[in-house]
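A.B. asks: Given the structure of chain P, go ahead and fit chain F onto it with the hints provided.
Read off the chains here:
2 protein chains.
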Amino acid sequence: MSNTSRQGTDRATRLARAAKVSGNSGKLVSPDRATALLESIIEPGDRVTIEGDNQKQADFLAKALAKADPARLHDLHMVQSVLALPDHLAVFERGIANRLDFAFAGPQSRKLAELVSNGTVKIGAIHTYLELYARMLVDLSPRVALIVADKADRDGNLYTGPNTEDTPTIAEAAAFRGGIVVAQVNEVVDGLPRVDIPGDWVDFVVPGPKPYAIEPLFTRDPAKVRDENVLMAMMAIAAVYEPYQVRRLNHGIGYATAAIELLLPTFAAQRGLKGKVANHFVLNPHPTLIPAIEAGFVDNVYCFGSELGMEQYLAKRAGVFPVGADGSLRSNRALAQVAGQYACDMFVGATLQIDPQGNSSTATKGRITGFGGAPNMGADARGRRHDSPTWLCAGEEAGDALRGRKLVVQMVQTHQPNGAPSFVERLDAYDLASSAGFARPPIMIYGDDVTHVITEKGVANLLRCRTPQERETALRAVAGDTEFGQRQSTDASEGLRRRGIVMLPSDLGIDVKTATRDLLAARTIDDLVTASGGLYAPPAKFRSSTAQA
Amino acid sequence: MSNTSRQGTDRATRLARAAKVSGNSGKLVSPDRATALLESIIEPGDRVTIEGDNQKQADFLAKALAKADPARLHDLHMVQSVLALPDHLAVFERGIANRLDFAFAGPQSRKLAELVSNGTVKIGAIHTYLELYARMLVDLSPRVALIVADKADRDGNLYTGPNTEDTPTIAEAAAFRGGIVVAQVNEVVDGLPRVDIPGDWVDFVVPGPKPYAIEPLFTRDPAKVRDENVLMAMMAIAAVYEPYQVRRLNHGIGYATAAIELLLPTFAAQRGLKGKVANHFVLNPHPTLIPAIEAGFVDNVYCFGSELGMEQYLAKRAGVFPVGADGSLRSNRALAQVAGQYACDMFVGATLQIDPQGNSSTATKGRITGFGGAPNMGADARGRRHDSPTWLCAGEEAGDALRGRKLVVQMVQTHQPNGAPSFVERLDAYDLASSAGFARPPIMIYGDDVTHVITEKGVANLLRCRTPQERETALRAVAGDTEFGQRQSTDASEGLRRRGIVMLPSDLGIDVKTATRDLLAARTIDDLVTASGGLYAPPAKFRSSTAQA
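As you go down the protein sequences, you meet chains P and F in turn. Each residue of the first sequence is one higher than the one before, counting from 1 in my numbering. Each residue of the second sequence is one higher than the one before, counting from 1 in my numbering.
Next up, chain P with everything else stripped away, as it sits in the complex:
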């Protein structure tokens, strides 16, 4: 069988080698033997996955792999969601690995671009999360999976705590393809709060010398929400949430969407929208969602991961979040991506660049950022067959008699914080494609999937555009004083405004003077703590930021 030879020696041979390293002491392996363990179970050319998404990280195992002897381990093909840690790149720099398939490289995007351009890293493709998991099951199955959990028992059963995230999917992909699964855990205990990953799927447990790394990436300090964010959030509510009656939705991260969350109990409630919009979220437990939850605005939230400091609040609002009988959240990134794709009527996100056809990208010169989950949720699932008033309404506006449309909203200020225009004639993604050798430019969301673009100037409703020229005109009309916007006469914009394709704040009944932070249901981290009944415990860096505010 061709596939057997390609996969290196079998599991039994590798486990026999590992038994010598671990001293036959069952599944537990001492952390000082971690690198030796990996050298015994991994073979040159193997596909290896290191758990690491945009929250928790199997950081100790990543470090242990980066310390391996390149004479023993080389030509590895890394398949992993996120490149977040220096050790994720060290395996390439040290000659242990040379191929990479991944989804996101936020913190390491500049370094990654360097390593690609000097030939140290050969990228297979940039994926969305869901797409990468799919390939782990089909043509990129990992021979060895290095995962991370809160606690293990001696049988290898794992408790992930609320940040379950990718662990079940990665473990399943490896354990049921003859792979070997190694888990880094914070502690080994006799009784777990609950089992998230059955011990039968786990071969080795390594207690990490310190708790695994985890980042509170979904905390937005209300003190940093600016008046422009408030204005854009008001426009989003008035131009999209309200007319389409959006009940099931997913928010990207950023201050614009944080502002929407904080305006639900105030501005949206004043417009009579309570119970009519934003009932069901697919979203991490954003602290900025607390006031809306406490106001009874939100029925429930399904989560990709969790958020540090939200543990006690989640337990109190177990009816709102996916909380188990043990009282803690179980998130699931794969299922949440499915939920975002198939059970949401709207995705709201942000971007760095938009071109004349509405294509958007976060790729900029010298950085290979990746996509994460946005492309998966930022498009109508063509396999969707159930309808909803929102979906039907969007489809009708687009002139589609056979099916509805998902709302895909891009919120972007006309200029980025560094002054660069957000609207451009040509995306940097094209240059990146040539320099990195990609067959197609890494576009995050395709223009024909975008339905609304919101800037501080106004809203462009692309559903109502019937030609590429109209789309372009609509986008230039909201691009403000960028070069992109100034190429167009005010007359052209006014024509679209009369047809409801372009909406200015005044067209939406919004007095720009009222768009201030005063409208926010919480203006500081402390306000969020208060709204939570004292249950939200912000991480230290946000507590100090509040003190400064």
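I should point out that these hints are in silico values taken from the structure, not numbers from a laboratory. Certain hints may be false.
Because identical chains share one entry, a pair is satisfied inside a single copy or across any pair of copies.
Below, simulated EDC-like cross-link-like pairs (lysine to aspartate or glutamate); rule was C-alpha separation at most 20 Å, straight line [what the hints assert, rightly or not]: (1) K316 x D10; (2) K210 x D69; (3) K151 x D326.
For clarity, every value in this text was computed on a predicted model and none was experimentally measured.
C.D. replies: For chain F alone, kept in the frame of chain P given last:
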């Protein structure tokens, strides 16, 4: 909180009621108390899911629910993948349930249409499988889930055997939303072969009085593959698999795709395609795949479910299938749908009706069949960002400079076995939509997602069509002597043939006279058993069918 009141009383109250019924004997509940248990944990108006997909069924729990007292349990909202058993409809006929959200109703499609038309059942929507799971996590979360597994231990840990299917997803959706999970099992044992569902997620275990119902739906007897199927399979290989070098794919069920599987080691091998096509399947373990696997054609197969009789063969070919350390398959319908959507370059399926724009549907008068998984896999995932030669080639043919395309192939004879034409001017789906009150017609695969239509007359490549008129002409050219085909002159077809949009067998180097059963790598069920080295153990009904052949 509005959501608390809507969800009925809480889990603790329900479990306290259940404790009285089960006699406090832990999680185990005697089968003769099953209906009483359900009456204690379910409340009027609850959303309830009964596990039942197109293979295994929680049949005993379905019967127990159907026996409930409608004075105690009424107005239930059933959320379930498949309506397969009479008891699935009995809950509506007896006034226990009145609302339904589902994905497939093959065996009960006629009866379901009757119950909808007389007002007994109100359908929310027809979904694909993946879409229904997504909604179980967001806005259709089940208050009570009735699931099924092979074995349980006294702690409620479950072993599903190879037909894992929907169980993990349904259990997770209920257990982590304050729901109650009840599992029907074939036996209670002290040690499980492996844990598929942790006992922490399971509240009650009911040993069924007999093994749960399961159907070998994916077994196609090679003796029933006809010469026409062979011809169409040859065209599929020559017109699609070969030129696009399709390595990752999903097959629907039917004799045409069974014929493709049986032609891989013969016709495809003769064309030099071994190792170049059909390397990675997302597919149930079809027995007709055995010869191709034994010929080394197939690297691996990821599975939605399993297939009866394949157990020993799967254990032998553990490198090909998702088999655990215990030696048995773990399938996963949700992950396989994700894999089919995101990691496959081609979907090949069949249908009952195709209209002039290539829209296809299995809906016919008086039957509400549903979709299953076809719509999810029969479209390009717009969130896909990785490329492959197949995907890029299809995108280029379609004239798309920004992205590739998934190949979506419909294989259909010009007439159905009952003589009805497969090509029609208007789909029955439109009439069904009006009579059942659906906002949109239940189209299985939209015409603009279909890339190739193959009949016994030829192949229409819709990727090369640039206008709706061209698509229509291409479809009429392969519609044979149906009224639909006869409306078009031979000249129009010849024009498209010269441009490679329409291909006849001779254009593909196929001599129709050679298209016979002699080309099949296995011609009987016995041949499959032999190819498996005696490990495939066909269910009784296929053994008798072979004897007749």
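A.B. asks: Can you give the numbers of the hints that this structure goes against, from lowest to highest?
C.D. replies: Structure breaks hint 2 only.
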